[in-house]
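Q: What follows is each chain in one-letter form.
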Amino acid sequence: MAMRPGRNCRPPGGISRRGHAPPPARIASSRREIAMAQTDRDDDPAEIPYRGHGIPKLGFENYWYPILRAAEVKKKPKAVRLAGRDIVVYRDDGKLYALDDRCPHRGVKLSLGECSYKGTGTISCPYHGWTFDGSNGRLVAAIMDGPDAPITRKVTIRHYPIREFAGLIWLWPGEMEPSVLEEDIPPYIGRQDEFFTIPMYTDYKCNWRWLVDNWGNDHHAQYVHRSSPELIFQPVLPFALTIEPKPLPSGKGMSFKRSGGMTSAEFPGLGRFPNNEWWRFMKPTGRGNVSGFQESKAHKVYGIQNQSELWLPGLIIVGRLSGEYALIQWAVPIDENTTRCFNINNFRRLGRMREMYDRLHYAVWRGWAHDRIFSDQDKVLVEAVVPGPERLSKSDTGVIAWRKFAGANARRPEPAGKASLDVA
Amino acid sequence: MAMRPGRNCRPPGGISRRGHAPPPARIASSRREIAMAQTDRDDDPAEIPYRGHGIPKLGFENYWYPILRAAEVKKKPKAVRLAGRDIVVYRDDGKLYALDDRCPHRGVKLSLGECSYKGTGTISCPYHGWTFDGSNGRLVAAIMDGPDAPITRKVTIRHYPIREFAGLIWLWPGEMEPSVLEEDIPPYIGRQDEFFTIPMYTDYKCNWRWLVDNWGNDHHAQYVHRSSPELIFQPVLPFALTIEPKPLPSGKGMSFKRSGGMTSAEFPGLGRFPNNEWWRFMKPTGRGNVSGFQESKAHKVYGIQNQSELWLPGLIIVGRLSGEYALIQWAVPIDENTTRCFNINNFRRLGRMREMYDRLHYAVWRGWAHDRIFSDQDKVLVEAVVPGPERLSKSDTGVIAWRKFAGANARRPEPAGKASLDVA
Amino acid sequence: MAMRPGRNCRPPGGISRRGHAPPPARIASSRREIAMAQTDRDDDPAEIPYRGHGIPKLGFENYWYPILRAAEVKKKPKAVRLAGRDIVVYRDDGKLYALDDRCPHRGVKLSLGECSYKGTGTISCPYHGWTFDGSNGRLVAAIMDGPDAPITRKVTIRHYPIREFAGLIWLWPGEMEPSVLEEDIPPYIGRQDEFFTIPMYTDYKCNWRWLVDNWGNDHHAQYVHRSSPELIFQPVLPFALTIEPKPLPSGKGMSFKRSGGMTSAEFPGLGRFPNNEWWRFMKPTGRGNVSGFQESKAHKVYGIQNQSELWLPGLIIVGRLSGEYALIQWAVPIDENTTRCFNINNFRRLGRMREMYDRLHYAVWRGWAHDRIFSDQDKVLVEAVVPGPERLSKSDTGVIAWRKFAGANARRPEPAGKASLDVA
Ligand code: FES
Ligand code: FES
Ligand code: FES
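Protein chains in written order, with full-length UniProt numbering: chain A, 1 to 424; chain B, 1 to 424; chain C, 1 to 424.
Everything labelled a hint here was simulated from the structure, so no lab data went into it. We put the beta carbon where it would ideally sit given N, CA and C, even for glycine. Don't take every hint at face value.
Within a straight-line C-alpha distance of at most 20 angstroms, the following computed SDA-like cross-link-like pairs (lysine to any residue) qualify [what the hints assert, rightly or not]:
no. : chain 1 : residue 1 : chain 2 : residue 2
1   : A       : Lys78     : C       : Glu383
2   : C       : Lys74     : C       : Thr120
3   : B       : Lys76     : A       : Gln377
4   : A       : Lys118    : C       : Gly269
5   : A       : Lys379    : B       : Ala79
6   : B       : Lys300    : B       : Gly261
Sample of chain B residues at the chain C side, in silico, Cβ under 8 angstroms [said to hold, decoys possible]:
no. : residue
7   : Met262
8   : Thr263
9   : Val385
10  : Pro387
11  : Arg391
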């Protein structure tokens, strides 16, 4: 039976690269704070669409998340926030470490400290020098108490699984044993022998759920992006499609079979949509062509199963018919009102010359046309959502399916004192 | 019997210009939010002076309010806030429309959308193109669902009565049938055949009630404005007046009979007030002369009844003895802590040459001396109010009378399930 | 028996310079607000370390606090905040006055008003001219009501004891009778015949308690300041000291006997601390030399008892072995999240030439090296404290002792209806 990282499922033991012990208890205040934020307050209109599905405000915790580009972590410790947690990330002797960003002594942020003892994987608090081992969170010296201080090794803070991979820093904010990064993330990023990756990110002032909804084949693209430079020489995208969401066999997400639809319609009493699109004569086939995937190189040569997939914990994979490029957009929950939107561009390795061309093409065209202009059209909209009740319609089939799938299948610790029941 | 738009009084049916249906229920979150804001929280010191009178934090809803200058609504939809509500205002084919500024589909602000179908009076949401008829709030197309989408016409959002008149955009935020604008607002603005109007506004960082109190003949003018350029060549305004507030026969507001008072006094142990006013020899009569009104051209020629009046929902009319000019200042409640203070200057139409002179005089003198300098002296003070209990005194007679009058006489819907009782 | 301004102790009656009456009741809203802020909310992690000791969030009230440099109060009234209270400070005819900064009439800030009647010690509200006597808080004229207004002398607002002394403005925010300023503050400031004083201050974005903890011989100096320019030519400060806190006989604070310690140590698995200090060969004795105090000029010639003392309500005195200079750092609670940190430099008067030298030396070296660089190293850290539980260790002996001492011995009004019990 194929491994399926679904609900109540623990990944096989010992797969953590550093095989660390179960994470220590979090400090009380942090635990309470997170718990409060995760709880749906009765009067919070932002929870209305998600409450019933159990999709948490601060994200699904037990997943790997990209959090920084690798080049951003240099000599100095760096403060990041992920799933509402403040975390200090640092690098010593090439290895990465991640700890709760609060010294348990008198509360100062560890991220203001420094790695004074090179090669030991430790970080020292800037206030009185309490020094923590990043690989297990243990206090290894309370410098100002001297080397024989009894407090040493009595104190442990939470450490987080962290990896550098594919030019990105990856963090695992949850309390379950981490999965194998390369196997858990989409294969475009996970197989660096086949693909190379160019990532960038932007922080959105909105909750992560609004951004993922935006990716659920909700027909916004046909409307929002109809005049974006990226699509201007493409055929009109069809709308009013029939969307059939299908869970992936891997359990990691879903794909969407799209059929029917129209590229133009007359609305009684209003007029045509789209209007003023006469200049779209230039290319009769292209991305708008939903039925072409079965005949594509992506499918026939490379064996790719779906042109686009939506994965847990909240990311979309959009491939090209050529099979030589896929964009992954990843909604990383920073806190309740901030989402880091990663655009991870993946190019098939087709030789040195082609790689140079791809990088150049990204630098002069796609990085601007998609990762800035196209994505920013979405940013404006998801940042303009006013929380409250919704009226969903046929075009939300994908969004509704995603919410159900995600709430039912996200990886979670087994509830304490209960047998695992497969209710999916 | 003259119509009297008092408490529990409904204006005659069908007087709305566009005769629209009763407004649809507001969306739940917005309703709750407004309800919460309107409720006096026990611990809110800002409510202490107003709680007993029933003067709501977000203003009396069932009135017309000026909200923008007409020239401010051009091609693009415009977001405004009034009485705590977010409203999108747009213009199509010369007509104005106002809708709740939240798409009921997935919550995006409609004010980011556009009027894609000219001449239809509709606005389309920027996210998936839900298109609403501004004249009744109905969803007329869910563009991305195609023309036959069953959701169409099943959804209605709140629309607001809106008018352009006298160079201003007027909105009615309440749920009662709107009154006839021209009859409900002061005649200086309401009769554009007799007067022309120059408006301007400034947003104050304070609750609207503090600004209206400031207009209740509270003797602040004699103190605050004693050295403003506008009054510098006027006689000293008398203080310690006896104020007799009188409801207007129309029920729309009150006037204030002023008598007695002094223009100078010796305060034991302190000195004179005002001191250093030797230069005020120049003009023995003028605005300070409270008894001159009965002999004025305003009264004898034009039949004006009072030199100044305070009207519901919260505006002051200050006339000149000449009867040829009146200033209307209108406190428009934007939200709990913001008030749009309109200065609406009304000039009697006395021929083309005189109008040119009046406009020029406004541009070079009055617009600066009153609408900026004089008004800004008030702005600094009402923005410096620290909420809490008050100690009212004789000089607050007008303020106290106003609060009682306004609380008792403001137009309100009849309480559901109760016969209308005239308790005024 | 020597007077001991400890718990439940009232200073001898009538010592106030202006001998004013018991302060009037505070206005309700302010009282409630302060009460709420002072109460430990159950869910406020900032209270965890202080709750048990009764150390209030807004400071100990019944003490003199420096609040401004004397030169900062000129002609115009000045708004300050102290212990969460908004207070207007003004000067008339050389005398200082302090009143609650809210006019009881309709709530405007008195600090926007002016002192219109020179020589009377009054301030007039900018809105309607209510005029208050700064020496007792009484309303002496309601200008706009005229000289015979019955409200006059029926209204009193809270006034605060205020003094100018040693180039500083001193305020007493509490409700007890004020102590004699010169006797209650450290003798370096209190005896201006022996010392002259150069003060400066900076506002920290943190609660005052974190700053005082920072002064409790908590061994942060040896760590934080090890590379500050001020200490760079000093011997390394020893750490892992044994701290013996001792209450001062005066009851005003505590001193700390320091013994043992090390200036360097090898930490197993890490390395030496400090590392890279080879250049500290230059001066074998100096501030690091904790045992030298008994032999110092400070002790033998000037009779000073302790090199450093921590006093109520929250200040540290750090002397030099020469006895000719002492720095007083004073944590002044502005509000919950703001602390004014005064650095008050005190130089023994040793003749005109020496004073000129000291002033010059301060201007070119110490004002920069200590009051800026050295102090700002602390500022960064206390502003980086994340509220929550602590894990105290041996190096916190001084901090723990301070918290106990302060909570038990701070001057407080006797609980109503209870006999005074010495529970210290
Ligand atoms: S606060 Fe971190 S070592 Fe003291
Ligand atoms: S949110 Fe408005 S159309 Fe979808
Ligand atoms: S508010 Fe101060 S005098 Fe009226």
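Q: A separate judgement is required for each hint: does it hold in the structure or not?
A: So, going through the hints one by one against the coordinates:
About 18 angstroms separates the Cα atoms of Lys78(A) and Glu383(C), which keeps this hinted pair within 20 angstroms; it holds. The straight-line distance between the Cα atoms of Lys74(C) and Thr120(C) is roughly 16 angstroms, inside the 20 angstroms bound, and the hint therefore holds. Only pairs whose Cα atoms come within 20 angstroms are accepted, and Lys76(B) paired with Gln377(A) is accepted, the gap being roughly 18 angstroms. A C-alpha spacing of about 11 angstroms is found between Lys118(A) and Gly269(C), which places the hinted pair at or below 20 angstroms, so the restraint holds.
The hinted pair formed by Lys379(A) and Ala79(B) meets the criterion: a straight-line CA distance of about 19 angstroms does not exceed 20 angstroms. The straight-line distance between the Cα atoms of Lys300(B) and Gly261(B) is roughly 25 angstroms, outside the 20 angstroms bound, and the hint therefore fails. Below 8 angstroms, beta-carbon pairs count as interface contacts, and Met262(B) has one with chain C at about 6 angstroms; its hint therefore holds. At a threshold of 8 angstroms, the smallest CB-CB gap from Thr263(B) to chain C is about 11 angstroms, leaving the interface hint violated.
With its C-beta approaching chain C no nearer than about 5 angstroms, Val385(B) sits inside the 8 angstroms limit, and its interface hint holds. Because the smallest distance between the Cβ of Pro387(B) and any Cβ of chain C comes to about 7 angstroms, under 8 angstroms, the interface hint for this residue holds. The beta carbon of Arg391(B) comes within 5 angstroms of a beta carbon in chain C, closer than 8 angstroms, and the hint placing it at the interface holds.
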